[in-house]
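**Student:** Each chain is listed here by its residues.
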Amino acid sequence: MTTASELLDIALIIAFVSLAFAQIMCMVRLVIGPSSGDRILALDTMVINALGLVVLLGIHQGVRIYFEVSLLIAMLGFVSTVALARFLLRGDIIE
Amino acid sequence: MTLHIIATYASAAFLLIGAAFALVAVLGLLKFNDSMARLHAPTKVGTIGIGSLLVASMIQSFNTGNPSLHEVLIMAFLFVTAPISANFIAKVNIHQRSCDTPPAPKTDKAWSVLNTSAEDKALSETTDTAS
Chain A
579 MTTASELLDI ALIIAFVSLA FAQIMCMVRL VIGPSSGDRI LALDTMVINA LGLVVLLGIH
639 QGVRIYFEVS LLIAMLGFVS TVALARFLLR GDIIE
Chain B
6 MTLHIIATYA SAAFLLIGAA FALVAVLGLL KFNDSMARLH APTKVGTIGI GSLLVASMIQ
66 SFNTGNPSLH EVLIMAFLFV TAPISANFIA KVNIHQRSCD TPPAPKTDKA WSVLNTSAED
126 KALSETTDTA S
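Top to bottom, those sequences are chains A and B. So for the first sequence, the numbering used here puts the first residue at 579; every next one is plus one. So for the second sequence, the numbering used here puts the first residue at 6; every next one is plus one.
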């Protein structure tokens with residue numbers, strides 16, 4: 579039992595570190611992105627990675643409340659991506 | 006080797022798969038040199054990574070004693086909305102012409118595109134008059 583839980587702890591640490599690294603690299607693409615489509619894509623990926631970080635926090639602490647947080651982050655991320663893309667496409671969000 | 010140990014190993018494996026997919030997605034986002042190519046990496050691979058993280062969370066919730074299947078909701082929502090947002094970002098790329106022209110095809114003469122070139126238009130007019 580101890581080796582299995584130790585492996586789970588190591589996997590949690592690896593997942594935390596790789597998701598944080600992914601966030602930083604998405605921030606790099608957000609800053610240097612040549613077109614605004616790349617910037618929207620980087621923001622979308624950052625939202626998805628933040629959702630993954632919240633899910634990992636829920637596994638780490640064993641608390642059920644993080645489920646609602648991640649569902650809200652998913653919905654807000656989708657709506658904000660569509661709103662940004664629509665603003666660039668049509669010049670207006672709600673016509 | 007009880008069921009608890011197997012579930013813990015499976016949860017750790019799904020966590021590692023999710024972390025690897027997140028790294029691959031961000032590698033594609035950084036290294037590709039075209040906007041459309043950059044679009045392909047994170048929108049597909051990111052959802053698979055998050056899906057395996059959610060599967061690990063479900064297994065772990067069953068393992069620790071308060072089972073829940075609520076993560077299926079997030080997974081379904083992500084799998085539905087990821088192609089829609091990818092389609093919108095691709096529309097933005099086409100609208101701003103930030104993607105390169107497609108590479109030359111190997112065998113055919115040209116890609117079938119909406120705006121036909123002048124010689125193609127002349128050719129179609131001659132065939133129309135001939136027929």
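You may find that some hints are simply not true.
Quick look at which bits of chain A chain B covers, simulated, 3 or more residues with Cβ under 8 angstroms [as the list claims (entries may be wrong)]:
1. 582-591
2. 608-621
3. 629-643
4. 649-659
5. 663-673
So the derived list for chain B, only partly shown, Cβ under 7 angstroms to chain A, looks like this [as the list claims (entries may be wrong)]:
6. Thr13
7. Ala27
8. Leu28
9. Asn38
10. Ile55
11. Ser62
12. Ser90
13. Thr131
Hints are computed from structural coordinates only; laboratory data are not their basis. Keep in mind that this is a model prediction, so the values were computed, not measured. For every residue, glycine included, the Cβ atom is placed at its ideal position computed from N, Cα and C.
**Student:** With reference to the structure, classify each hint as holding or not holding.
**Tutor:** Hint by hint, here is what the structure shows:
Remark: the segment 582-591 of chain A is confirmed as covered by chain B, as 7 of its residues place a Cβ nearer than 8 angstroms to a Cβ of that chain, reaching the required three. With 8 residues having a Cβ less than 8 angstroms from any Cβ of chain B, the segment 608-621 of chain A passes the three-residue criterion, so the hint holds. Under a criterion of three residues with beta carbons nearer than 8 angstroms to beta carbons of chain B, the stated coverage of the segment 629-643 of chain A is upheld, 8 such residues being counted. Requiring three or more residues with a Cβ within less than 8 angstroms of a Cβ of chain B, the coverage given for the segment 649-659 of chain A holds, as 5 such residues are present.
For a cut-off of 8 angstroms, the count of residues in the segment 663-673 of chain A with a CB near a CB of chain B stands at 4, and the three-residue condition holds. At its closest, the beta carbon of Thr13 of chain B sits 4 angstroms from a beta carbon of chain A; the interface hint therefore holds under the 7 angstroms criterion. Nearest Cβ of chain A to the Cβ of Ala27 of chain B: about 5 angstroms, under the 7 angstroms cut. The hint holds. A cut of 7 angstroms between beta carbons decides the hint on Leu28 of chain B: the least distance to chain A is about 5 angstroms, and the hint holds.
The interface hint given for Asn38 of chain B is broken, as the beta carbon of that residue sits about 10 angstroms from the closest beta carbon of chain A, more than 7 angstroms. Hint on Ile55 of chain B holds. Least Cβ distance to chain A is approximately 5 angstroms, under the 7 angstroms limit. The interface hint given for Ser62 of chain B is met, as the beta carbon of that residue sits about 5 angstroms from the closest beta carbon of chain A, less than 7 angstroms. Taking 7 angstroms as the C-beta cut-off, the interface hint given for Ser90 of chain B holds, the closest approach to chain A being about 4 angstroms.
Hint on Thr131 of chain B is violated. Least Cβ distance to chain A is approximately 39 angstroms, over the 7 angstroms limit.
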